[in-house]
Structure formats: C-alpha cells, structure tokens
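S.K.: Protein chains in written order, with this note's numbering: chain A, 1 to 112; chain B, 1001 to 1135.
Mixed in with the good hints there might be a few duds.
To be verified - Residues from chain B that face chain A, not an exhaustive set, calculated with beta carbons under 7 Å:
(1) Phe1021
(2) Ala1026
(3) Leu1033
(4) Gln1047
(5) Phe1072
(6) Ala1074
(7) Thr1077
(8) Thr1081
(9) Ala1110
Said to hold, decoys possible - Example chain B residues on the side facing chain A (calculated, C-beta under 10 Å, incomplete):
(10) Thr1004
(11) Asp1009
(12) Ala1012
(13) Ala1042
(14) Leu1109
(15) Val1112
Source of the hints: derived by calculation from the structure; they are not laboratory data. Every residue, glycine too, gets a C-beta built ideally from N, C-alpha and C.
The primary structure of each chain is shown beneath.
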Amino acid sequence: MDPMDLATWAGGALLVVGALGALYRIVRGPSLLDRAIATDVLLVVFSGMLVLEMAVHRHTHHVVLVVLAAAVGFVGSVTVARFAEDRRPDHSLEDQARVPGTTDVPGGEEGR
Amino acid sequence: MTDTATLLDWLAAFLIVSGAFFSLVAGVGLLVLPDLLARMHAAAKPQVLGLLLMLAGLAIEWRSWVWLPVLFLAWVTQMVTAPVASHLVGRTGYRTKHARRELLHRDELAAVVRRAEPPADPGPRRAGARPRGRR
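All chains, please: the whole structure from these sequences, using the hints.
M.R.: Listed below in structure tokens is the structure:
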C-alpha cells in the first residue's frame, strides 16, 4: 500500500471528523465565544486539509494560504471576544436552551 | 520496499496522520466538553501540535530544504497568534460568565475580579456606568 494513499484516507477521515465536531459547535453554540473558538478549529482543520493535499500531490500551491490562515486567523476571535458581552442575569448555563443575542440590555455599547 | 524514499514516505504519512489525529481530538473535545474553557483546551491541540506534525510531514514529503523556512514561518505565526486569541476569548468568557466557574478547581482570577469590581449586583447595569478598574 502506498503510504500517501494511507495518509489521504486516514488523515482525511480524521480531519473531516474534526471539522464536523467544529461545525456542530458552531451551529449549536451555546455562546458566541464557543462559536468563535470552533471557527478557529475549523480554520486549522482547513489548513490541515491544504497541507494534506499538498503532500499527496507534491506541489506548493497552497503554502501562502496556510501561512495566511495562521497569520490572520486569530483576528476574528479577538474581535468577537472584544465585543462579546454578558446579556444574562446569572451564569446558569443551559447548553441547549439558550440562543445568544436575542435580548438587549442597557449599556450595551461597552464591550464586556 | 526498504529504500530511503519509501521510508521517508511512510514517515511523512505517519506524521500527517498523527497531525490529523489532533484535529479529531479537537472535534471530539468540542462535542463533549462541558464549558467554554474546557473547549478552548481541546481547540488548542490542532493549532499547535497538530499543525507542527502535519507541516513536518509535508516538509519530508517535499524532500526540499527551500520550503522549510516557509513552513516554519507558518507554524511560528500560529504559535504567536493562537495564544492571543485564546487569552482574549478566555478572559471574555470568564468576565461574561460563559465559563462555568463551578467546574474550576482553582479560580485564581476571582480575587482579582472581586477587588476590581464592586460587589456583585445581579441587576441590569446602568447605561454608561463603566465599572472601575476593569481588566
């Protein structure tokens, strides 16, 4: 068996499962910050897929994409974290019961 | 079968699959872990070690020294930026009560927050009332 065939199928399957887990967390939340870190994971998984494809086909077309993803991927999380705020009266976190961003609170302009 | 090229191919495949395994770890961790801080712990695994293993496998598979600095740049950039995002997300999660503090064994930030903020007022904050000493 060719080693790169094995890497394609085994590595690809592992990456896809990781991407599905991240997608589930993006869809189900429960909070904005959970979605932010899940988006980071999804970006890293995407970089891993590019690396795998470059290794299998032995070309260097996507190196710039991998470097750029590593360089600017954190901007989204930082921005979200900066402007996330607490809209709940307490921290009784019920994982599947809450949809963030549906209520408003005075003083919402301060980025807590 | 045992020549160098095949051996390097197997090594590269092993490294890439090992790196991809950390993606699986992150996906499972995001699925099953209970709160934001624990999910951040799982999410950091493919960003650092997973990416390093996959880039090492890629460098071996390319058989080229020329691209090694570029791959190293990608990894170092990820190492520099990932803690920034994690730091801000974790702090915001703590301050916005998205982290479940009852799951923590040690809460070293609690004393700082208690000192920086007036005693907890569970009611809605007044508009424009900025808590002093926010960190």
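S.K.: Confirm or reject each hint.
M.R.: These are the hints, each one checked on the structure:
Satisfaction of the interface hint for B/Phe1021 is found here, the shortest Cβ-Cβ separation to chain A being roughly 5 Å, below the 7 Å cut-off. With a cut of 7 Å, the hint placing B/Ala1026 at the interface with chain A holds, because the nearest CB-to-CB distance is about 5 Å. Evaluation of the B/Leu1033 hint against chain A yields a violated restraint, the C-beta minimum of about 10 Å exceeding 7 Å. The beta carbon of B/Gln1047 comes within 5 Å of a beta carbon in chain A, closer than 7 Å, and the hint placing it at the interface holds.
Taken as an interface hint, B/Phe1072 does not check out: its beta carbon lies about 10 Å from the nearest beta carbon of chain A, beyond 7 Å. Using the Cβ-Cβ criterion of 7 Å, the hint placing B/Ala1074 at the interface with chain A is satisfied: the shortest such distance is roughly 4 Å. Annotation: interface hint on B/Thr1077 holds; nearest CB of chain A at approximately 4 Å, less than 7 Å. Interface restraint check: B/Thr1081 against chain A, minimum CB-CB distance 4 Å, threshold 7 Å, status holds.
The interface hint given for B/Ala1110 is violated, since its Cβ lies 13 Å from the closest Cβ of chain A, which is over the 7 Å cut-off. Taking 10 Å as the C-beta cut-off, the interface hint given for B/Thr1004 is violated, the closest approach to chain A being about 13 Å. Hint on B/Asp1009 holds. Least Cβ distance to chain A is approximately 4 Å, under the 10 Å limit. The restraint placing B/Ala1012 at the interface with chain A holds, with a minimum CB-CB distance near 6 Å, inside the 10 Å limit.
Hint status for B/Ala1042: holds, given a least beta-carbon distance of 8 Å to chain A, under 10 Å. Violation of the interface hint for B/Leu1109 is found here, the shortest Cβ-Cβ separation to chain A being roughly 14 Å, above the 10 Å cut-off. For B/Val1112, the interface hint is violated, the least distance from its beta-carbon to any beta-carbon of chain A being 16 Å, above 10 Å.
Going through the hint list in order, the structure does not satisfy hints 3, 5, 9, 10, 14, 15.
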